[in-house]
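Engineer: Chains as they are written, first to last, in this note's numbering: chain A, 1 to 325; chain B, 326 to 719.
Source of the hints: derived by calculation from the structure; they are not laboratory data.
In this text, all values refer to a predicted model and were calculated from it rather than measured experimentally.
Keep in mind that the hints are not guaranteed to be accurate.
Some, not all, of what chain B presents toward chain A, calculated at C-beta under 7 Å [as the list claims (entries may be wrong)]:
#1 N455
#2 L459
#3 G460
#4 P488
#5 A491
#6 G492
#7 Y493
#8 G496
#9 N525
#10 V529
#11 P689
#12 I690
Beyond 10 Å from chain A on every Cβ pair, some chain B residues (computed) [said to hold, decoys possible]:
#13 T337
#14 P344
#15 G400
#16 Y495
#17 K503
#18 I545
#19 P548
#20 G566
#21 E624
#22 A643
#23 A662
#24 D687
Which stretches of chain A does chain B cover? Using the computed rule of at least three CB atoms under 8 Å from a CB of chain B, they are [as the list claims (entries may be wrong)]:
#25 65 to 72
#26 90 to 99
For each residue, glycine too, the CB sits at the ideal point set by N, CA and C.
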Amino acid sequence: MAKMNLLQAINSALDVAMAKNDKVSVFGEDVGHFGGVFRATSGLQEKYGRARCFNTPLVEQGIIGFANGLAAQGSLPVAEIQFGDYIFPAFDQIVNETAKFRYRSGNEFNVGGLTIRTPYGGGIHGGHYHSQSPEAYFAHTPGLKIVVPRNPYQAKGLLLSAIFDPNPVLFLEPKRLYRAAVGEVPEEEYTLPLGKAEVVQEGSDVTLVGWGAQIEVIERAVALAEKDGVSVEIVDLRSIQPWDADTVAESVMKTGRLVISQEAPHTMAFGSEVAATIQERCFLYLESPIMRASGLDTPYPLAHEKEYFSDHLKTYEAIKRSLNY
Amino acid sequence: MAKEKAPKTQVTSELTVIPPHAVNIPMFQLLKDDGTVHKGAKLPDIDKELALKMFSTMQFIRLLDERMFAAQRQGRISFYLSSLGEEAASIGSAAALKFEDMIMGQYREQGALAYRGFTVKQFMNQLFSNEQDLGKGRQMPVHYGCAALNFMTISSPLGTQIPQAAGYAYGQKQSGDKTCTLVYFGEGAASEGDFHAGLNMAAVFEVPAIFFCRNNGYAISTPASEQFAGDGIAPRATGYGMRAIRVDGNDILAVYQATQEARRLAVEENTPVLIEAMSYRMAGHSTSDDPTGYRTKDEEAQWRDKEPMVRFQKWLVAQGWITDEAAEQQMASHKEAVLAALKEAEKVPVPHVDEIISDVYDTPIPILHEQLETLKAHIRNYPDAYPATSERVK
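With the rest of the complex left out, here is chain A:
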């Protein structure tokens, strides 16, 4: 075990994967010698050479198109999109190509070796274009797996699973926690399951569901609720697609209440899907409507970031609305 922040955990996962299998390559804008704008790929070019860790031209649709071809050829590319906000030029390659490659060919070809890493989320004074949480756009596309880790330990284990999973994975990294989150992480290889949620804390009065950086927000809200004598169960989805409805439903059948806390704008955020599924599966167990704390339905603002953000206080208020309905 070593103390690592989330970036170091990502870097360690990439290092382990590249050492294990020489078909793993890492590329994107500024990813080479510079090690990426956040330094997630630091030292990898020196260790594994320019052919396996390299800069690409500044063209997101090209990065993913290239990565699709490389994966179809049998390699295990880990492509970096510098910010989740800049993934949209590659939307066509991801949605129409990556996600449909296996299905459309009747399994003649696939890009299962592909992993796309990208930092997402706000809280870093990034304004419109360095703060977005785009997971719901992609969750609407069958064929992709989508993973969002909450801390360094989760990040390394989930990323290693993503890289070696036989399906394309979009791996969203909570950039707010890159350096802020520090924890014990094994230096060697280990994996955590995709598509499986984790009960982070057990409780009996209300279930709190979130993913990625929002788990930290939820934990702060729960601390406030606990002072009021409320017992909260926290579920980290970890994977958005496929998502673990069973674990959430089981928890809600126990607590009778569900609050979803999410960073993305309220309307059509992934929490909408969670709410719809859980009311279908747990209708007779619910003691109050499912509540959501989300970002506002506005572009992500700069000066009003605090006001916009679905922070611990808004989440705490959502818990109270659920309990006092």
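Take the given structure of chain A and dock chain B to it, following the hints.
Structural biologist: Below, chain B without anything else, positioned relative to chain A:
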């Protein structure tokens, strides 16, 4: 040849404006429109067996296109897309490759696939979306693909295969297996951002890829003159620091030789090449448009005189490798094979409904199993509404 570096920028006190058509690329041609060889032209090393295989594939594709276009009009298949007039471009280029090289098509390169060995039965199974289709009946007609023949499955979005070819070729280069990727696209698709992305990356990474543009003059109804202001596609290679060849796409010998040289450069020198094959889409874009609405009969007639199959046949006859009678007989036997395969494929049922959830992921995720069971219960409830599958859902 060592890799050519971009020249150093010269400094000058004279203001220089580069004219728009500074790069003027000639069109490489061996066979004139009448099938005779240009004086002094050096023909590719091509023997009788290879030449006749290329010709027979041209004939087969022409018949397949003609017959399946009609089948769509009769309502037997939903859609078709003919390569009439462009057979030399796809077949001549495919013939110049090694079998291990990857081909990525746009959608009008059935000739390349047939050359690789896709059987008439396999064509029909795809066109009828039946349970023997390698693609499991999931895509519209002509979206062929076959891993065993190193022919990547077609997707409808235009140009997406271009950066993918750069990536595929990068993997080939890393593996050291001395193969390349040839990717087809049209002059219309070359307006897509993916064209720029793919060519630029291929040039930067020095990958063994051949970018083969079929400039057939039209993107559905939009003529090339409304697609770009420059002199076609080939000069763009210069901007990417890439080699380029412009070839007469209706001259199969020239296409063959151009692609052979491109392959040599790609594989032996790890340098991508852009080929622009000048041709004419004698058919409509697909069964969904009527070319009389956007071009004249005169224009079509002019191109009929440059038609690739007749031109090649004239050369073959002059070589003494085939007679016009033998060519006609061969055409008749292709026709028989096409008609027989059509009738057979038509009777094969669509894939079992269970296939609706396979291949979304390597194994279906739990929600897909649930959705399939719900769907099957629904089909059992309303069997008449789902006649293609209900008999096999018990």
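Engineer: Each hint needs a verdict: does it hold in this structure or not?
Structural biologist: Verification of the hints:
1. With a least beta-carbon distance of about 12 Å to chain A, the hint placing N455 (chain B) at the interface is violated under the 7 Å criterion.
2. Taken as an interface hint, L459 (chain B) checks out: its beta carbon lies about 5 Å from the nearest beta carbon of chain A, inside 7 Å.
3. For G460 (chain B), the suggested interface contact is upheld, since its CB lies about 4 Å from the closest CB of chain A, less than 7 Å.
4. Interface hint status for P488 (chain B): upheld, as the beta-carbon distance to the closest one in chain A is roughly 3 Å, under 7 Å.
5. At about 5 Å, the closest approach between the beta carbon of A491 (chain B) and any beta carbon in chain A falls short of 7 Å, and the interface hint on this residue holds.
6. The beta carbon of G492 (chain B) comes within 3 Å of a beta carbon in chain A, closer than 7 Å, and the hint placing it at the interface holds.
7. Because the closest C-beta pair between Y493 (chain B) and chain A is about 4 Å apart, less than 7 Å, the hint holds.
8. Given the 7 Å rule on beta carbons, the hint for G496 (chain B) holds: about 3 Å separates it from the nearest Cβ of chain A.
9. Checking N525 (chain B) against chain A by beta carbon gives a least distance of about 5 Å; that is within 7 Å, so the hint holds.
10. Given hint, V529 (chain B) at the interface with chain A, holds; its Cβ is 6 Å from that chain's nearest Cβ, closer than 7 Å.
11. Taking 7 Å as the C-beta contact cut-off toward chain A, the hint placing P689 (chain B) at the interface is violated, the least distance being around 10 Å.
12. A distance limit of 7 Å between C-beta atoms decides the matter here; for I690 (chain B) the minimum to chain A is near 4 Å, and the interface restraint holds.
13. Distance check on T337 (chain B): its Cβ is at least 29 Å (rounded) from any Cβ of chain A, clearing the 10 Å threshold; non-interface status holds.
14. No Cβ of chain A comes within 10 Å of the Cβ of P344 (chain B); the nearest lies about 27 Å off, and the non-interface call holds.
15. At the 10 Å boundary, the C-beta of G400 (chain B) stays outside the reach of chain A, the nearest C-beta of that chain being 25 Å off.
16. Against chain A, the non-interface label of Y495 (chain B) is violated: not every CB pair exceeds 10 Å, the least being about 6 Å.
17. The Cβ of K503 (chain B) lies farther than 10 Å from every Cβ of chain A, with a closest approach of about 14 Å, so its non-interface assignment holds.
18. The non-interface label for I545 (chain B) is consistent with chain A: the shortest C-beta to C-beta separation is roughly 19 Å, beyond 10 Å.
19. Every CB of chain A lies more than 10 Å from the CB of P548 (chain B), the least distance being 25 Å, so the non-interface label holds.
20. Every CB of chain A is more than 10 Å from the CB of G566 (chain B) (nearest about 12 Å), matching its label as outside the interface.
21. The non-interface label for E624 (chain B) is consistent with chain A: the shortest C-beta to C-beta separation is roughly 34 Å, beyond 10 Å.
22. At roughly 41 Å from the closest C-beta of chain A, the C-beta of A643 (chain B) stays outside 10 Å, upholding its exclusion from the interface.
23. At roughly 24 Å from the closest C-beta of chain A, the C-beta of A662 (chain B) stays outside 10 Å, upholding its exclusion from the interface.
24. Non-interface call for D687 (chain B) relative to chain A: violated, since the shortest CB-CB distance, roughly 4 Å, does not exceed 10 Å.
25. Closer than 8 Å: that is the beta-carbon criterion, and the region 65 to 72 of chain A has 8 residues meeting it against chain B, so the requirement of 3 holds.
26. As drawn, the region 90 to 99 of chain A meets chain B at 4 residues by the rule of a beta-carbon pair under 8 Å; at three or more, the given contact holds.
When each numbered hint is compared with the structure, violations occur for hints 1, 11, 16 and 24.
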